[in-house]
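J.: Sequence:
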Amino acid sequence: MSGDGGKRKGPAPGRMLRVDGTVLHVLCEGGGPVCVLSGGLGMSWFDWDPVAARLAPHRTVVRFDRPGLGLSAPATGPPTAAGEAARIARVLDALGLYGPCTVVGHSLAAFHAEAFARLHPERAAGLVLVDGSVEEDPRPRLPRTVRTAWAGGLASVLSAAGLPRALGPTARRLTVRASTVRNHPRGPHEAGAYRTSRVLRACAMENATYAYQAAEVATLRPDHPLRGVPVTVLAAYDGSETPRELRWLERQRALATQLGGAFAVAAPAGHLIMADAPDAVATAVLSLTADPDLEGPRGR
Numbered sequence: 001m002s003g004d005g006g007k008r009k010g011p012a013p014g015r016m017l018r019v020d021g022t023v024l025h026v027l028c029e030g031g032g033p034v035c036v037l038s039g040g041l042g043m044s045w046f047d048w049d050p051v052a053a054r055l056a057p058h059r060t061v062v063r064f065d066r067p068g069l070g071l072s073a074p075a076t077g078p079p080t081a082a083g084e085a086a087r088i089a090r091v092l093d094a095l096g097l098y099g100p101c102t103v104v105g106h107s108l109a110a111f112h113a114e115a116f117a118r119l120h121p122e123r124a125a126g127l128v129l130v131d132g133s134v135e136e137d138p139r140p141r142l143p144r145t146v147r148t149a150w151a152g153g154l155a156s157v158l159s160a161a162g163l164p165r166a167l168g169p170t171a172r173r174l175t176v177r178a179s180t181v182r183n184h185p186r187g188p189h190e191a192g193a194y195r196t197s198r199v200l201r202a203c204a205m206e207n208a209t210y211a212y213q214a215a216e217v218a219t220l221r222p223d224h225p226l227r228g229v230p231v232t233v234l235a236a237y238d239g240s241e242t243p244r245e246l247r248w249l250e251r252q253r254a255l256a257t258q259l260g261g262a263f264a265v266a267a268p269a270g271h272l273i274m275a276d277a278p279d280a281v282a283t284a285v286l287s288l289t290a291d292p293d294l295e296g297p298r299g300r
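Here the sequence shown is numbered in the working numbering, starting from 1 and rising by one per residue.
Note that these hints are calculated values from the structure, not bench results.
Please note: incorrect hints may appear among the correct ones.
What the hints assert, rightly or not - Restraint-style ranges between C-beta atoms, simulated for each label pair: (1) P268 - E136: 36 to 44 Å; (2) A73 - E245: 34 to 42 Å; (3) P74 - G96: 21 to 29 Å; (4) R144 - P74: 12 to 20 Å.
Fair warning: this is a prediction, and the values are worked out from it, not measured in the lab.
C-beta atoms are modelled at their ideal positions from N, C-alpha and C, and glycine is treated no differently.
Let's have the full structure, built from the sequences with the hints guiding it.
T.: Below, the structure is given as structure tokens:
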């Protein structure tokens, strides 16, 4: 047996597709209306396993690792919200899926999902933002090139020191534990995915460009309306009454109002809702497609 939670590691599911010159790891499962699952900063395909299992009987479920993450090849440049929105469209094209789809964006990928709906409205059937990142007034303080150069340099130094192999899997485990309310054993592919300099660099670049992606989406909103695309904002709530948690729910509710969407709460759940409450995510997707008003659980 392997050391990964007692699970034997087999070949990773999915296939490798060249999309705009970068080889990406892509999974396409199930059948029916198409939905795309896109994880937050540094996330990999397997983070969506519980949700994909619930959706596949009803939907064609597409997952892919962004450049540098999971099993995908490194990026050719720092990410942008518009670039990631275009990548979603190109992945669907590569799979021969040209019709409208529901895009599910978690955390940072909420920016990508929203940008997709605004820049590719003819292909957007709906949006589900899963504890999506919220920045009410994003104002990056440094030029983007300065931040990305610094992040790239730091990633190179840490990689040369061997930190990804030595500490990458442990850092990943600590992140999961801090972002969930339940115990989730390590999966068979997790350690391998997080012990490479490739993944470290991708995470550093996503983190370095976070504020710029937030600002980019903010500039899209006035001139690129959602045009009736149904939206659900699904917020995580761990059940505590701390000011921080309650303020986060307020910000998520405000985002739903700003986007003209429905608001729902997954509880108890940490930031990684897809791990703690996969049923809530699946319900949000299925209800959104069937009824834009979302007849599922409402936030308080």
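J.: Against this structure, judge whether each hint is valid.
T.: Against the structure, the hints come out as follows:
1. Taken as a hint, the range 36 to 44 Å is violated for the pair P268 and E136, whose Cβ atoms sit roughly 26 Å apart.
2. At about 38 Å, the beta-carbon gap between A73 and E245 stays in the expected band of 34 to 42 Å.
3. The beta-carbon spacing between P74 and G96, approximately 26 Å, falls within the hinted interval of 21 to 29 Å.
4. The supplied range of 12 to 20 Å is met by R144 and P74, whose beta-carbon atoms lie about 19 Å from each other.
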